[in-house]
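Starting from the structure of chain W, add chains X and L where the hints point.
Protein chains in written order, with the numbering used here: chain W, 2 to 679; chain X, 655 to 1008; chain L, 3 to 340.
The hints are simulated quantities; they were obtained by calculation from the structure and are not laboratory data.
A quick note: this is a predicted structure, and the numbers were derived from the prediction, not measured.
A portion of the hints provided could be inaccurate.
Claimed, not checked - Quick list of simulated restraints, FRET-style, between CB atoms:
1) L734/X x A25/L: 37 to 45 Å
2) N595/W x L734/X: 34 to 42 Å
3) P340/W x E705/X: 29 to 37 Å
4) R659/W x L818/X: 47 to 55 Å
5) H849/X x D190/L: 51 to 59 Å
6) A74/L x N589/W: 37 to 45 Å
7) D190/L x I668/X: 51 to 59 Å
8) D426/W x A25/L: 52 to 60 Å
9) A660/X x P305/W: 41 to 49 Å
10) D190/L x K730/X: 51 to 59 Å
11) P255/W x D735/X: 40 to 48 Å
12) E712/X x N595/W: 24 to 32 Å
13) F665/X x A407/W: 43 to 51 Å
14) F665/X x V146/L: 49 to 57 Å
What the hints assert, rightly or not - Some chain L residues flagged as far from chain W (calculated, every beta-carbon gap over 12 Å):
15) L19
16) T33
17) S139
18) R187
19) R286
Ideal placement from N, C-alpha and C gives every residue a C-beta, glycine not left out.
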Amino acid sequence: MSDKIWIVVLALVALVIGLLVLKPAAPPTTPEQPTPVEKPAQPPVEKPKEPEPETPKPIEQPKSPQQPSQPLTGPIKNPDTLIVADLSDIDTLDPHFAYDTSSGEIAFHVYDNLIMYDGPSTEKFLPMLATQVPSLDNGLIAENADGSVVIRFPLRQGVKFHNGNSFTAEDVAYSFHRVMLMDRSGGPSWLVLSPLLNVNTIADLAKQIEAQRTGKKADEIDFNAVSAETLVATCEQVEQAVRVVGNDVEFHLPKPFPPFMAIVAQSASWASIIDQQWATEQGAWDGSCNTWKAHYDPQKENDPIYAKMNGTGPFMLEKWDHATGDISLIRNDNYWRGPAKLARIVIKKVNEFSTRKLMLQNGDADIATINRKFVDQVDGTPGVRLIKGQLRMSLSFILFNQKITAEGNQYIGSGQLDGQGIPPDFFSDIDVRKGFNDAFDWETLIREAIKNEAEKARGPIPRGVQFFNSENPVYQLDLKKAEEHFKQAWGGQVWKTGFKLTAPYLVDDQASKTAFEILKRNLQRLNPKFELETVNLEWSALLSRSVDGTLPVYSAAWLEDYHDAHNWVFPIMHSQGNYATSMNLGTNYDALINQGINELNPEKRQEIYYELQKLAYEDAIAIFTDQPLGRHYQQRWVDGYYFNPIWPARNFYPLSKRLDAKPNMEYVNQLGLVVQEW
Amino acid sequence: MLAYIARRLLFLPIILFGVTVILFAMLQLLNPYERLSLYVKDPSQLRGGKEQLDRLIEKHGLKDSLFVQYGRWVNKSIHLDFGWSETAKTTVLNGFLGRFPATLELTLFAIGPILFFAIWLGVLAAVHHNRWIDQLTRVITILGYSLPSFVLGLVLLMGFYGLLSRHLPPLFGGWFSPGRLSEWAQQIVGGESFHAYTRLVTVDALLNGQWRIFWDALGHLVLPVATLSYINWAGYLRIMRSSMLETLRQDYVTTARSKGVEERLVIKRHARRNALIPIVTLSGFLVVGLLSGVVITETIFGYPGLGSWAAQAALQLDVATVLGLLTFVTILFIVVNLIVDLLYAVIDPRVRLT
Amino acid sequence: MNATETRPSREGLQWALRRLKDALLEILRATRDTLLQLLKNPLSTVGLFLLVIFATVALFAPLLAPPERPNAPYQIPQREIVRPFQAPQGKDVYETTPTPPSANHILGTTQDYYDIYYTLIWGARNAFKLGILIVLSTLMIGVVVGAVSAYFGGWVDEILMRIVEIFLVFPFLLATLVLTTILGRGLDKIVIAFIVFGWPGYARFVRGEVLHVKENAYVEAARAAGAGSRRVIFRHVLPNAIYPVLVLASLDIGSIVLSASALSFLGLIPEGFADWGQLIGFSRNWILGTVQNPLEYWYTIIFPGLAISLFVLGWNLLGDAVRDIFDPRLRGSRSRSS
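For reference, chain W alone in the conformation it holds in the complex:
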């Protein structure tokens, strides 16, 4: 008996060994194959002298798609339907509730806004549901003597909602009233509330009104206990801010707010125009000042239009499948700009990368989200087109906490400058901050971890945003300088005793991880007593730590809410901004930032924002690491693609599927994008 067992076991072992021996024989033919990667597509980031124009850099590339390959021969899979394999996690379909890009992408296609961006431009607007873009020149923006501003939008006539209802000025007013009065917690309403009513929440407004009526202090009032009259008065103030005047709608701003156009333009889902009659029928707020409190801050599941849509946009909601997360949209044949070319859009939620990749490879997906990490597996797939070099409106930076919460803090070691930790105010010494900056290696980060698909950041404002200063000074890897700074820091004590701190980053956040590793190794090289540990944190833990202020350094990336320099300097530098608050940056820059947002004159604004960028450098408030460049993978049969960094994601309206398909080359060239196809 036992002999046979041995034979079986030996056979198995032999099989395994055989597999092992045979396998390696195959690969060597392939790994050497040139994976089509970077020619000097991106200009070397480290050349500071290179003139960088305000508009995207001209990247030296042939005008036509490179590597001209065989013409496509049919058949096109699903010729009328565009299938997108995405990671999307749609939060809600109510555009006034939504505050994330996945939900924003759906609202973008189903609802219209008053105005929209002109093609790939981030600064020029076109009218949408309005017939003109208001400006001082055409008289639709008027400044009153008391400093208040009135902005008037004449509206398009004859537009119909998907259910056949007519679009009216009342719908516009209703939509803006709704987003302000609903004010869901953690939602986008403050973006509309702050320029129009100068408050961050509707509850604050109600408290102010109640305080005036009763003489109590505003912060002692419980919003849930305010009187019915106050509620009505609050609502009336909201109604005063956005008024219907004939066929037009007027917005009344208490003081100038330059980015207002960006706040109402397309891709701002909170400024989507919905149908009042339909919404009321669904059980949403009916527009009356007596009932709004019942619809204030709803639970997501109790929002009547959580999973329903009725807009004026080019696509209509067909189905949102909760089991799979897939969503499908169908064409609105009566769209006022003319019907879209595609009959149907399906956005499939595919979490597994391998599956997305295979869907693209087999033509089952027309567009697929590919993580940067895995691009080598996808480049070279026959029938696929890659459009890369898309500048994202996103910026990564490592902030220093200047007043760390010491209590219960596991990241600062002993909490003293004794070589075993750092004191809570360690980063309040400018030489420490400068030393960290000088010890950082941007080139390695961008070349190795980001595969050259990012630009070195130049400060708190990214390229592509007005008032970005392309000449703003930046730090560079310079260990000598770093040494000098560290020798001066804390009266020389830092250099003598060394320090130890832990840098937490979000799990799976590749870029932050590498950034910290680089910093860690360079600091160690500088002085063996400089110890930086890295630790990855669950999102839940990181969220909690960023609130309680125990993070000594915080690697973050900001995505803008609306396209304006203010939305960049505020979160990063203003004492009430998200990051600056938790990093205890102080109030040094508040006055300047407030001045910038209340200034209408572009030249004066430029001066202010240039100054802020310079201060960010001089005070070394952070290590500004990089601004990423995006990639877009699609089937070669997808026609008419172009890109605007402000959109939540893609725009399906201009797309179609055909054998002689091309991206929109005019825009692609204008943006300096690189096209590759296989």
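Using the frame of chain W, we list chains X and L on its own:
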């Protein structure tokens, strides 16, 4: 026997209470901001600053005491309202109803091969006790125990989906791919004209006369079913083998043999039937075991069922979902236990329930 | 009855030491017998052989793969050159795509330039550490609860067993998944989660064993002679019940390592920690290779897959035989729990 059933059912709420309390107690290890992460999913949503976060905490009652939160949950779940699932973007109940058929289908398909191979090989091994076939099944069994499902699943994916599927004839298009259905099939199944009788896609496809969809669904099931069955059948094979060995030693088998009944018939008629008793009863546990076994398998194959949902919910700390699923598993576990006990009593008169 | 239990401490110590010595000798003798018997069976010899190899690797990990920083050996190096018997050298590399086996990385690197060879070596040490740690600590709790429950019986037994039942109802993977996520990912957190949800199985098993032993005549005799309950438990019942429990529990190391790696496969371990499950988790994104070669990244899954499978196989081969020799009653009993 009625008293026995009543007693067992009485334990149900106690155990349910225990299970849910333990889960709630575990959550107390997290502070409200940590629990908030379910509602503020990533840094890009961290917008309005601390003020907005505090509003959210208040809105979702995350600062309330353990008892208040637990009371709220019990109160609702008695009315079958298990709350909102952030991971499924619908109520927990709806999410469950939407995913359960998929998992059930997978499980049902896996039970067949498990029992078939377990019984067939188990009998074979027992009949040829200590001969090479016995030893071979033994080796395969142990290998089955030892191969992690995530290794087996990934290797199968690599071999069949990565390599083989591109060389298959068009008839097998879409075979071995992850998920439950191909895109075209999903559109038909989701469409108006397709009638969902049972929500088990394979069955519904046949009932609708849609052969191509049946074929497609089958192709998607092959790899997950193979993974799930291979990992699970080893144990049942063992039980079958030892049970069969035991019966073969029983008196009546010996008697039958001595009467000159053909060996094949002895095994088929007398021994095997009796040896099946433990298997029949254990297949109840098989369902429970498979349901918890699908967590990894579904995750690997991107199969939209309870398992992948559970993993996602657990990793995102989606409390409502995890609680709902635990409640379901607990009830299932206890009911299956009960049924198995009853079955035992019915099949084997020597067993008495007390 | 309490009065009889209090004995002078010195005498108690001597008594305890004597008991311990006896027990150890007993265990050694039994182990030797078992080993001899095991070596007669080819399957268990293979199992033993595999385990000896893994144990050697684990033991000599610092030699086989010298770490970059001796105080953090489980951190997988991301360096240009990581060769066996040499400390990692060359510059730091952050390459995201796996690279095939080469002179500098004999088994290749997986994503982010983590060296596979290094991870396998230290992963073996990690597996033993994890398995032994978890088994010992769960066993301790299990033995105490089980013994108490069985010995006292009555309402103590009833309550303890209900608690055990509640814990056993939890689907193990889901429960540990939730608890580890709550505690924040990490190996220590996985260990805690496994202990929290692992002890009830042993408690129930020990209870059964103790009940079995308790029926034996000599316990009755000891009782009749007037020995107190604690004394009876520790002096008579446990020693007789514990050896099978100890042996069988130690054989669970294989399946425990398997379950733990399922958690790290799902990503509940710090990135870059030398663990097999994590390595397989990494390979998930690469198994489909490139368009030109679907098997391009085969080494990312095959090597760690083999390592973990062989490790668990070793334990199972051994366990299978041990169970047969040791206690025929237990055959097949494990399948229900797994």
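Hint says 49 to 57 Å; check whether the CB-CB distance for F665/X and V146/L agrees.
This hint is violated: roughly 24 Å between Cβ atoms.
Report holds if the minimum CB distance from R187/L to chain W is greater than 12 Å, and violated otherwise.
violated (6 Å)
Determine whether the Cβ-Cβ distance between H849/X and D190/L falls within the hinted range of 51 to 59 Å.
Given range 51 to 59 Å: holds, Cβ gap about 53 Å.
Non-interface claim for R286/L versus chain W (Cβ beyond 12 Å)
violated (7 Å)
Lying within 51 to 59 Å: is that true of the beta-carbon distance D190/L to K730/X?
violated (36 Å)
Chain W versus S139/L - minimum CB to CB distance exceeding 12 Å, so not interface:
S139/L clear of chain W: closest Cβ-Cβ about 24 Å, beyond 12 Å.
Assuming the hint says 24 to 32 Å, is it satisfied by the Cβ distance from E712/X to N595/W or not?
holds (29 Å)
Just to be sure I understand the hint, the distance between the Cβ atoms of P255/W and D735/X should be within 40 to 48 Å; is that true here?
With a Cβ separation near 44 Å, P255/W and D735/X satisfy 40 to 48 Å, so the hint holds.
A407/W and F665/X - C-beta distance against the hinted 43 to 51 Å
holds (50 Å)
Does 37 to 45 Å hold as the CB distance between A74/L and N589/W, or does it fail?
holds (39 Å)
Using the Cβ atoms, figure out if N595/W sits within 34 to 42 Å of L734/X.
For L734/X against N595/W, whose Cβ atoms are near 53 Å apart, the range 34 to 42 Å is violated.
Has the hinted range 47 to 55 Å been met by the Cβ atoms of R659/W and L818/X?
violated (33 Å)
Violated hints for the displayed structure, listed by number in ascending order: 1, 2, 3, 4, 7, 10, 14, 18, 19.
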